[in-house]
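Trainee: Just so you know, the sequences run in chain order A and B. The number in the numbering used here is simply the position in the first sequence, starting from 1, with 89 added. The number in the numbering used here is simply the position in the second sequence, starting from 1, with 10 added.
Keep in mind that the hints were calculated from the coordinates and are not lab data. What you are looking at is a predicted structure, and each value in this text was computed from that prediction instead of being measured. Just so it is clear, CB atoms sit at the ideal spot from N, CA and C, and this is done for glycine as well. You may find that some hints are simply not true.
Only part of the chain A face toward chain B is listed, based on derived beta-carbon distances under 8 Å [unchecked claim]:
#1 Asn135
#2 Arg138
#3 Phe313
Computed from the model, here is a short list of chain A residues facing chain B with C-beta under 7 Å [what the hints assert, rightly or not]:
#4 Pro265
#5 Ile295
#6 Lys310
#7 Ser311
#8 Asn312
#9 Thr319
#10 Asn323
#11 Ser324
#12 Ser325
#13 Phe326
#14 Tyr329
#15 Ala335
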Amino acid sequence: MKIKFGQDRVLTSQEIGRRFSILRTALALLLAMGIAILLIFLVSNNPFRDINSLLLGPLSSSNRISQMVNKWIPLLFTGTAVCLFFSVGQINLAAEGAFFAGAFTSTLVAIIGGIPPGLHFILCALAGGVAGAIVCGLPGIMYTKFNVLTVVSSLMINYVVLYLGLFIITNVVRDPAAGYEASYRFQNTARLAELIPGTNVHSGLIIAVLIVVFGYLLLHKSNFGLQMRTIGANSSFARYSGMPVARVIVLSQLLGGFIAGLGGTTEVLGLYNRFGYTGLTNHGWDGIMLAVLARNNPKYIPLAALFLAYLRTSADVLNLTSNVPSEVINIIQAIIISFIAAERFLAGWEFRTIVRNTEKAMSLKEGVANE
Amino acid sequence: MEALNYKDDTVLAMKNITKIYSNGFVANKDITFSVRRGEIHGLMGENGAGKTTLMKVLFGLERPEQGQIILEGREVHIDNPLHALEYGIGMVHQHFMLVGSLTVAENMVLGMEPKKGMLFDYRRAVKETEEIAERFNLPIDARAVVNDISVGMKQRLEILKILYRGAKILLLDEPTAVLTPQETTELFKQLKNLRDQGYTIVFISHKLGEVKELCDRITVLRKGEVVGTADVDDLTELDISRMMVGKDVDLNIEKKEANPGKTILRVRNLSYTNQFGKKALKDVSFDLRQGEILGVAGVEGNGQTELSEILSGLLVPGSGEVSIKGKSIANMSIRDIRLTNTSLIHEDRMIYGASEEQTIVENIISDRYFQKGYNRQGFLNTKFNYRETEELIEEYQIACDGPDATIKTLSGGNIQKVVAAREFSSEPELLILSQPTRGIDVGAAELIRQKMLALRDRLGTAILLFSADLTELLTMSDGIIVFFDGEIVAYFPDVKEIDEEILGKYMLGLEKQSPEEIGGVIHEN
Chain A
90 MKIKFGQDRV LTSQEIGRRF SILRTALALL LAMGIAILLI FLVSNNPFRD
140 INSLLLGPLS SSNRISQMVN KWIPLLFTGT AVCLFFSVGQ INLAAEGAFF
190 AGAFTSTLVA IIGGIPPGLH FILCALAGGV AGAIVCGLPG IMYTKFNVLT
240 VVSSLMINYV VLYLGLFIIT NVVRDPAAGY EASYRFQNTA RLAELIPGTN
290 VHSGLIIAVL IVVFGYLLLH KSNFGLQMRT IGANSSFARY SGMPVARVIV
340 LSQLLGGFIA GLGGTTEVLG LYNRFGYTGL TNHGWDGIML AVLARNNPKY
390 IPLAALFLAY LRTSADVLNL TSNVPSEVIN IIQAIIISFI AAERFLAGWE
440 FRTIVRNTEK AMSLKEGVAN E
Chain B
11 MEALNYKDDT VLAMKNITKI YSNGFVANKD ITFSVRRGEI HGLMGENGAG
61 KTTLMKVLFG LERPEQGQII LEGREVHIDN PLHALEYGIG MVHQHFMLVG
111 SLTVAENMVL GMEPKKGMLF DYRRAVKETE EIAERFNLPI DARAVVNDIS
161 VGMKQRLEIL KILYRGAKIL LLDEPTAVLT PQETTELFKQ LKNLRDQGYT
211 IVFISHKLGE VKELCDRITV LRKGEVVGTA DVDDLTELDI SRMMVGKDVD
261 LNIEKKEANP GKTILRVRNL SYTNQFGKKA LKDVSFDLRQ GEILGVAGVE
311 GNGQTELSEI LSGLLVPGSG EVSIKGKSIA NMSIRDIRLT NTSLIHEDRM
361 IYGASEEQTI VENIISDRYF QKGYNRQGFL NTKFNYRETE ELIEEYQIAC
411 DGPDATIKTL SGGNIQKVVA AREFSSEPEL LILSQPTRGI DVGAAELIRQ
461 KMLALRDRLG TAILLFSADL TELLTMSDGI IVFFDGEIVA YFPDVKEIDE
511 EILGKYMLGL EKQSPEEIGG VIHEN
């Protein structure tokens with residue numbers, strides 16, 4: 090009997106693993122959608138219209154599409170930032186604070202007049218990025234120098250940043266003429282232009298895409314990324330191999346913080362003409378969820394972020410057009426994240442497939458040997 | 011007459027026990043072993059001889075592939091420790107199984123807490139602890155927090171814990187390893203006391219003096235098999251040492267005469283005190299020369315691990331000096347040490363040797379990704395790295411799905427081949443190797459040994475070989491130093507003049523060379 094290896098090629102265990110993680114994600118989506126539809130049937134007085142809004146609402150007008158894109162942009166920044174934190178094994182939760190810090194620090198630069206356009210935005214971006222880097226870098230430094238748990242210090246630092254920011258905005262740059270708690274107007278030279286005229290989508294999109302690409306290349310193609318992933322996987326091994334563990338941890342937190350801070354900058358200078366936040370914006374927390382969905386690989390952040398932006402836009406549509414509370418959307422999110430984060434979900438099936446596959450591979454090899 | 015009968019009464023027998031671990035390592039091979047009621051039975055053997063595994067089988071922590079356990083004449087199946095305790099078998103592990111933040115009494119009753127209604131009755135727990143301590147004459151402070159009590163007390167608590175759970179047969183895994191001499195004396199008194207009350211004790215140890223002092227009979231294991239059982243009084247320490255180290259078939263290795271050159275590694279007056287205040291290394295000095303394999307022998311825990319970790323930069327010595335090719339390593343990072351063209355293999359393969367979630371390529375390039383060829387301007391040269399890895403997979407016959415396979419999909423032997431492939435392929439001038447073939451299959455071990463010799467002969471690599479496998483040491487090394495209690499107690503410039511028995515005497519502290527003989531390992535040049 091002749092066995093052709095090429096046609097009857099047996100999958101490797103890695104390939105099976107990858108297929109199962111796609112399957113796991115798809116199944117989680119499906120389950121969550123099922124539950125969402127069930128919930129809508131329970132609470133809605135026009136379930137079919139509302140299910141339609143949930144599934145297709147964000148695509149129903151160009152206005153809603155651009156709304157979705159604008160929700161997508163900041164998530165690309167924070168999602169990538171958190172991928173960097175998590176890859177090096179640091180549960181750094183300060184992306185939230187870094188985003189906020191980026192927003193208010195760039196505000197301070199954006200209200201200064203007399204700087205030529207282009208340069209003005211770059212200065213704002215630098216200020217916002219550096220502020221974000223400091224916010225996320227501090228927990229990293231505290232961890233490497235004093236062994237302070239990153240998860241605790243980074244969580245706390247968010248509130249330091251929030252109240253410091255609000256203090257500065259209300260005491261230093263608050264515009265009494267604004268009529269609400271907000272800063273002076275940004276100079277037009279600092280603001281990001283519309284990318285597609287008439288759509289409201291701002292040119293921060295280009296920066297965001299570049300950041301995702303940068304994050305991916307850094308993490309998976311560069312020496313620095315190899316160090317990061319090795320430290321994240323087994324820091325004792327990394328140290329024994331001669332890698333500069335502490336330096337890589339700190340640098341990666343600074344870098345991720347810069348990205349999150351830049352996200353805050355782009356958000357305020359792209360969408361608003363004043364700084365008007367009165368609390369944390371949740372973009373950093375979303376980034377954590379996205380990094381989990383994307384398994385810490387920036388390559389999958391755009392897809393994960395698009396999904397989230399889509400859901401959020403659906404929520405807005407439902408809010409406007411139906412009696413379904415937008416909390417339903419939060420439930421869907423929670424279900425999906427839980428299923429995807431559950432590494433053991435479908436693990437038994439996966440294991441059996443791998444075993445069967447290995448047996449097949451072994452018998453094939455024997456078959457060839459016996460020929 | 012009755013006293014005699016009770017001495018002959020076999021309370022527990024293990025028959026034809028075979029235990030194979032999932033990586034193919036045979037830890038116990040057809041072991042038959044029995045214990046009499048009311049005796050202290052020493053279970054002896056070197057590290058890796060299978061003592062702990064055998065006891066874990068008895069305590070239900072490991073499932074044997076074959077064999078029976080016969081308790082009081084009836085066959086029993088012990089699937090887990092709770093089962094074992096029901097049968098009256100209790101084990102005190104080498105590393106304590108205590109909750110440090112709880113009190114002695116809380117630890118004592120853990121899992122079977124006395125209740126008052128729905129609530130935990132702490133007072134009764136204290137009372138019961140005090141009662142049992144008094145009954146066995148093992149006084150302990152029931153209200154003390156475990157973190158605050160001494161090591162000796164923790165051990166006493168462990169013994170009380172299993173007595174509290176009704177154990178009649180006590181398995182003690184190297185209980186003296188962590189004790190001071192005073193605590194050891196105290197422990198022995200207590201154990202003899204328990205024996206006189208009719209309890210049966212299995213005492214795992216590799217310390218000759220202790221076994222001679224404490225045990226009635228001993229069983230010696232070597233490489234997973236029983237060497238013999240005998241009354242302690244019929245044996246001298248030398249007999250036991252002979253049984254423990256024994257003589258094995260020669261390894262299939264052909265080796266040329268060494269041709270030592272200039273000194274590569276120079277160690278002077280090295281001392282190290284560990285976190286528990288124990289002097290792990292005392293004034294250690296030696297030289298290692300180009301083209302020479304220097305074996306380091308010693309029972310585990312006599313300073314070898316500390317020495318290898320100091321040499322690789324993981325530990326900072328208390329005092330003394332280490333230099334590689336004339337440069338002190340005092341202010342060097344691990345990368346700096348590696349950049350002196352030194353390769354390191356740590357004894358703990360899964361922590362320091364390999365990263366199990368990562369691929370073979372990533373494991374291979376982890377020490378060299380920053381060097382020429384492996385990257386271009388900071389970006390990994392993937393094609394080059396895969397090609398290099400594929401060549402190494404071929405050369406070291408690593409059974410895997412390809413360079414992309416994650417380490418955790420490989421067997422132990424193949425993981426060690428990946429480690430060796432990385433460390434050997436950087437063409438080192440100095441190689442620090444700890445337990446390079448421990449727990450791996452014969453084929454992989456032989457390949458690693460061949461590659462090691464090739465480095466010595468082809469490149470003149472200086473190799474420091476730490477190994478618990480005496481056959482390996484005697485086959486691979488040119489000279490051997492022996493560690494006992496943190497000191498070098500012997501130096502043999504030519505291994506052809508010695509055998510396992512001689513090594514055993516020095517390893518177990520029965521003999522020590524004169525300072526002049528030991529000083530022979532310093533080659534000033």
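Trainee: If a hint holds in the structure, say so; if it doesn't, say that too.
Mentor: Quick rundown of the hints versus the structure:
no.	hint	result
1	Asn135	violated (49 Å)
2	Arg138	violated (47 Å)
3	Phe313	holds (7 Å)
4	Pro265	violated (51 Å)
5	Ile295	violated (23 Å)
6	Lys310	holds (5 Å)
7	Ser311	holds (5 Å)
8	Asn312	holds (5 Å)
9	Thr319	holds (6 Å)
10	Asn323	holds (4 Å)
11	Ser324	violated (9 Å)
12	Ser325	holds (5 Å)
13	Phe326	holds (4 Å)
14	Tyr329	holds (4 Å)
15	Ala335	violated (10 Å)
Going through the hint list in order, the structure does not satisfy hints 1, 2, 4, 5, 11 and 15.
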